[in-house]
Amino acid sequence: MATVYNGEVPTPSLMGFTIPLTAALGGFFGLIAGQSTGLGGLLGIASGAVAGAVIAYVLISFLSYKIGRLATIIVVGLIGVSLGGPLGLVVGLSAGAILGWCAYWLHLGRYRASLPPYATSGQVLWHNTFKFICGCIFFFLIAPIITIIPLSFNAQDFFTFTPEMLALDPAGYSLKHYQDFFTNDDWLRPMKNSLIIAPFATIISVSLGTLAAIGLSQSHVPFRRAIMAILISPMIVPLIISATGMFFFYSQMGLWMEEYLNLSKSLTGYIKVILAHAALGIPFVIITVTATLVGFDNSLTRAAANMGATPTVTFFKVQMPLILPGVISGALFAFITSFDEVVVVLFVGAAAQKTLPWQMFTGLREQISPTILAVATILVIVSIGLLATVELLRRRSERLRGLSPN
Amino acid sequence: MTETSQHSGPVLAADGRPLKASLARALRREKLRAMLLIAPLLVFILITFVVPIGQMLFRSVENQIVSDVLPRTSEALEEWSYNDGAAPGEAVFFALTQDMVVAAERKEHTRLGSRLNYEESGISSLFRKSGRKVDEIGEGYADQFEAVNPMLVDPAALTQLFATSAWSEAVASDAELAVTRTFKVNKDVAEALPRASDAFREFAVFNQSVDEKDPRKAKLWNSVSLALFEDLRQNPAATVDGPASAAIAAAAAAVPAFDVEDLAQSFAKIDKDWLDPEVWTVIKRYSPEFTNGYFLNAIDMEKTVDGPAWRDEDQQIYLKLFWRTMLMSMTITISCILLGYPVAWLLANLPTRQANLLMILVLLPFWTSLLVRTSAWKVLLQQQGVINDIVVWLGLVSDENRLQLINNATGTIIAMTHILLPFMILPLFSVLKTIPPTYLRAAKSLGATNWTAFWRVYFPQSVPGIGAGSILVFIMSIGYYITPEIVGGTKGVFISNRIAYHISSSLNWGLAAALGAILLAVVMLLYWAYDRIVGIDNVKLGG
Numbered sequence: 000m001a002t003v004y005n006g007e008v009p010t011p012s013l014m015g016f017t018i019p020l021t022a023a024l025g026g027f028f029g030l031i032a033g034q035s036t037g038l039g040g041l042l043g044i045a046s047g048a049v050a051g052a053v054i055a056y057v058l059i060s061f062l063s064y065k066i067g068r069l070a071t072i073i074v075v076g077l078i079g080v081s082l083g084g085p086l087g088l089v090v091g092l093s094a095g096a097i098l099g100w101c102a103y104w105l106h107l108g109r110y111r112a113s114l115p116p117y118a119t120s121g122q123v124l125w126h127n128t129f130k131f132i133c134g135c136i137f138f139f140l141i142a143p144i145i146t147i148i149p150l151s152f153n154a155q156d157f158f159t160f161t162p163e164m165l166a167l168d169p170a171g172y173s174l175k176h177y178q179d180f181f182t183n184d185d186w187l188r189p190m191k192n193s194l195i196i197a198p199f200a201t202i203i204s205v206s207l208g209t210l211a212a213i214g215l216s217q218s219h220v221p222f223r224r225a226i227m228a229i230l231i232s233p234m235i236v237p238l239i240i241s242a243t244g245m246f247f248f249y250s251q252m253g254l255w256m257e258e259y260l261n262l263s264k265s266l267t268g269y270i271k272v273i274l275a276h277a278a279l280g281i282p283f284v285i286i287t288v289t290a291t292l293v294g295f296d297n298s299l300t301r302a303a304a305n306m307g308a309t310p311t312v313t314f315f316k317v318q319m320p321l322i323l324p325g326v327i328s329g330a331l332f333a334f335i336t337s338f339d340e341v342v343v344v345l346f347v348g349a350a351a352q353k354t355l356p357w358q359m360f361t362g363l364r365e366q367i368s369p370t371i372l373a374v375a376t377i378l379v380i381v382s383i384g385l386l387a388t389v390e391l392l393r394r395r396s397e398r399l400r401g402l403s404p405n
Numbered sequence: 000m001t002e003t004s005q006h007s008g009p010v011l012a013a014d015g016r017p018l019k020a021s022l023a024r025a026l027r028r029e030k031l032r033a034m035l036l037i038a039p040l041l042v043f044i045l046i047t048f049v050v051p052i053g054q055m056l057f058r059s060v061e062n063q064i065v066s067d068v069l070p071r072t073s074e075a076l077e078e079w080s081y082n083d084g085a086a087p088g089e090a091v092f093f094a095l096t097q098d099m100v101v102a103a104e105r106k107e108h109t110r111l112g113s114r115l116n117y118e119e120s121g122i123s124s125l126f127r128k129s130g131r132k133v134d135e136i137g138e139g140y141a142d143q144f145e146a147v148n149p150m151l152v153d154p155a156a157l158t159q160l161f162a163t164s165a166w167s168e169a170v171a172s173d174a175e176l177a178v179t180r181t182f183k184v185n186k187d188v189a190e191a192l193p194r195a196s197d198a199f200r201e202f203a204v205f206n207q208s209v210d211e212k213d214p215r216k217a218k219l220w221n222s223v224s225l226a227l228f229e230d231l232r233q234n235p236a237a238t239v240d241g242p243a244s245a246a247i248a249a250a251a252a253a254v255p256a257f258d259v260e261d262l263a264q265s266f267a268k269i270d271k272d273w274l275d276p277e278v279w280t281v282i283k284r285y286s287p288e289f290t291n292g293y294f295l296n297a298i299d300m301e302k303t304v305d306g307p308a309w310r311d312e313d314q315q316i317y318l319k320l321f322w323r324t325m326l327m328s329m330t331i332t333i334s335c336i337l338l339g340y341p342v343a344w345l346l347a348n349l350p351t352r353q354a355n356l357l358m359i360l361v362l363l364p365f366w367t368s369l370l371v372r373t374s375a376w377k378v379l380l381q382q383q384g385v386i387n388d389i390v391v392w393l394g395l396v397s398d399e400n401r402l403q404l405i406n407n408a409t410g411t412i413i414a415m416t417h418i419l420l421p422f423m424i425l426p427l428f429s430v431l432k433t434i435p436p437t438y439l440r441a442a443k444s445l446g447a448t449n450w451t452a453f454w455r456v457y458f459p460q461s462v463p464g465i466g467a468g469s470i471l472v473f474i475m476s477i478g479y480y481i482t483p484e485i486v487g488g489t490k491g492v493f494i495s496n497r498i499a500y501h502i503s504s505s506l507n508w509g510l511a512a513a514l515g516a517i518l519l520a521v522v523m524l525l526y527w528a529y530d531r532i533v534g535i536d537n538v539k540l541g542g
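Protein chains in written order, with numbering that gives the first Met the number 0: chain A, 0 to 405; chain B, 0 to 542.
Be aware that one or more of the hints could be misleading.
[To be verified] Using 25 Å as the maximum straight-line C-alpha spacing, the simulated DSS-like pairs for lysine-lysine come out as follows: (1) K132/B / K271/B; (2) K443/B / K130/A; (3) K283/B / K302/B; (4) K268/B / K128/B; (5) K128/B / K130/A; (6) K283/B / K132/B; (7) K268/B / K316/A; (8) K302/B / K271/B; (9) K106/B / K319/B.
[As the list claims (entries may be wrong)] Take a look, some chain A residues computed to stay more than 12 Å from chain B by CB distance: (10) F61; (11) G307; (12) L321; (13) F332.
The hints are simulated quantities; they were obtained by calculation from the structure and are not laboratory data. Virtual Cβ for every residue (Gly too), placed ideally from N, Cα, C.
Given these sequences and hints, build the entire structure.
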């Protein structure tokens, strides 16, 4: 008998589809529970599968969506507590949430909601597998960064979750690594150095880089490709090679500055690192500012000139506001390049110019201290802020230039 | 109307100049303005970046140290060759004595020793030992000259003899000048006693410039007496003017009766390696100011008597390391393609709002400090780390055989794939975004299966994106230093770690520069390919 398509996804069979699949998922959770509690994998799989099947049957036959989800979370959470204490509770609650969601997702046909109705079951299976794979890749991208955040609150000097932490015992958590960071001179001085070096390097790269990007965007520039290649090269040449070259050159330059300009050793040290970092940051400024200038309407400058503005006024009143988002995100890139850079400063700088990444690098290589995780967490938060700023600027710039539909 | 008909010549601009010239002038001015805007940055980059790299490349072939420290020896060695089968003759040992005395006083012999030790082990200690004892050579002559006439070993009298009259007069008027005014050799005396005046000049200048002492009051080097003996032996008729002429004549008469010191034997007494032709070959081979030795070293070859040859199998490390760097970079690139393609595809095909949300998950690692990500992996991959704990907790692996995930190639590949993945996803995404989804639908409606539609229609259009991302990831990974250093142990390190080792630990800077030059050449080749495929103007950051 041919089924007539009436615009709705047909409800899949309860016995032949939803219950077996939910049971399989339940079996998987059971395996984890069995292995981790020492009850044995087979027993775990069997009881998990039974629980999954029962949950699916009860949910779909008797309960509405909201009540069903809540009930599953509570029930599986309770099973978790009885098996594994506070940690078991957390795992149980998440397992319950996933099981309940899965049962309704399967039963209500949501798994094929984004596919055309004529898609074959093979295509539906592949579509969902693909989504699952992508999910795993996103997990791979983000999990390492997320994991270190709770670890930084560890009350002990371990790099893994202690039993107290897993038991959600407040005694297992502390702010002592943060306290160490904010009181220990080994960390404060590098932090200060980073905050001195990065802004100066950024100012140099941004001022020179913006001018050059404006020059490069003119219509007639001789040797444009060659100049561009030279200006971008600090980004392409491997850092270790840049660092090696700078190591030889800057040590001679430092001696020269000390001898002929009578600068103190520490000041020349800072100048060397700042110049090196400025050179490394320039490609990013060039790239972002050139990208903003691509959509720049040159008739605006002509209009300004027509109304009697001098080139300087035109630059600051007309051109600058329009390319400002590009300049700022270039500046952020230059800042983070300097703030995050360790190879060059390792070779060019002296101990007095030790920066935060340098201190982290030594920390990781020699006496590994958990304070690194506290620093890392702070830096993650800083980078979230930077990312948000750059994204906002990019959208604003696109809106200003009318490149984006919204 | 009437005006235009009067002008039959070239079209004129408003100011009366020919339009063509006027336009050319405007163009020239525009070019000049563009160049003026670019110039400061170009100069800045040239000075702070390009020159240092050029200097490093120069260092990989530069080899002035031998001819700087042993100038006389390298000249004297020109006539000697390894095929003689024996150590060189007296003339070379004489030159070596003169050079070594100066080098030992200036403490340059250890630097040269460690330089030559890169080529032949043992030379470093040979030079150190010889530097300590070389001042004893020629002592016998000094005693014998003193017996003839004490004036012959008196630095004040010898200063008078060898210095120009202008120098002596200046010093006589102001004793301070004996230190500050550089010692000048009297040409007539230098012609009569070339070796002695050369040796004495070294002695005087060293005392003035390094010790800041008056050469007339310093302790005379035995090498001066040795040189004087050599001069008088070869040219008994040598005569000089002035107060020392009688003493020199007496010495010339006495020299044939002197006890002769065999310099080769004196050196052999310090270290018998001086009689080994191998040592002399190394010195002779590295006498020229430029060498390909570092580059040969960097590809596991060495200079031998019969020209460049491969090192023994067990001493070959650099080619293996280059090969490993390539292989691991390729593995990382391929993992990035495999992981990046699905994600880029998903991001390109989702509605904008969802894609933007998911894009944050790609951009957050991109913006997070490299050291944060590396420390995260160090923490996760340790034997007592989170991943091993989970695996043990699940009972997949027993507590005793925890997985070895760090300090080997596995650790480097996992961590670097994670670190470089955004650099694959972002360029790939911007290419996939431009492929119209209708093409796939059209292919399917014409009867293609899902696989055929993807492989024959969609995939070929995404190849430029894969190319761009792969070259970017590959370029970045072959030069990586930090991550392999921290998670790579000994088996998972790259050529860059070796370069850093030669810069900071072994101090073999020439070899580091040669390795760097080879790596730079590879990267430049890839950069050129990237420019041809994508164009450097099209590099995009942050989506």
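Cross-check of the supplied hints:
A threshold of 25 Å between alpha carbons decides the hint, and for K132/B with K271/B the separation of about 14 Å falls inside it, so the pair holds. For the hint linking K443/B to K130/A, the alpha-carbon distance of about 21 Å falls within 25 Å, and the restraint holds. Of the supplied pair hints, the one linking K283/B and K302/B holds, its CA atoms being roughly 12 Å apart against a limit of 25 Å. Straight-line distance between C-alpha atoms of K268/B and K128/B comes to about 11 Å, which keeps the hinted pair within the 25 Å bound.
Distance check on the hinted pair: K128/B and K130/A sit about 72 Å apart at the alpha-carbon level, beyond 25 Å; violated. At most 25 Å may separate the alpha-carbon atoms for a hinted pair to count; K283/B and K132/B meet this at roughly 23 Å. With a C-alpha separation of about 83 Å, the suggested pair K268/B and K316/A falls outside the 25 Å cut-off, and the hint is violated. With a C-alpha separation of about 23 Å, the suggested pairing of K302/B with K271/B holds against the 25 Å cut-off.
For the hint pairing K106/B with K319/B, the CA-to-CA distance comes to about 37 Å; that exceeds 25 Å, so the pair is violated. Every CB of chain B is more than 12 Å from the CB of F61/A (nearest about 34 Å), matching its label as outside the interface. Non-interface call for G307/A relative to chain B: holds, since the shortest CB-CB distance, roughly 18 Å, exceeds 12 Å. No Cβ of chain B comes within 12 Å of the Cβ of L321/A; the nearest lies about 17 Å off, and the non-interface call holds.
A beta-carbon of chain B is positioned within 12 Å of the beta-carbon of F332/A; the least distance is around 7 Å.
The structure fails hints 5, 7, 9 and 13 (numbered hints given earlier, in ascending order).
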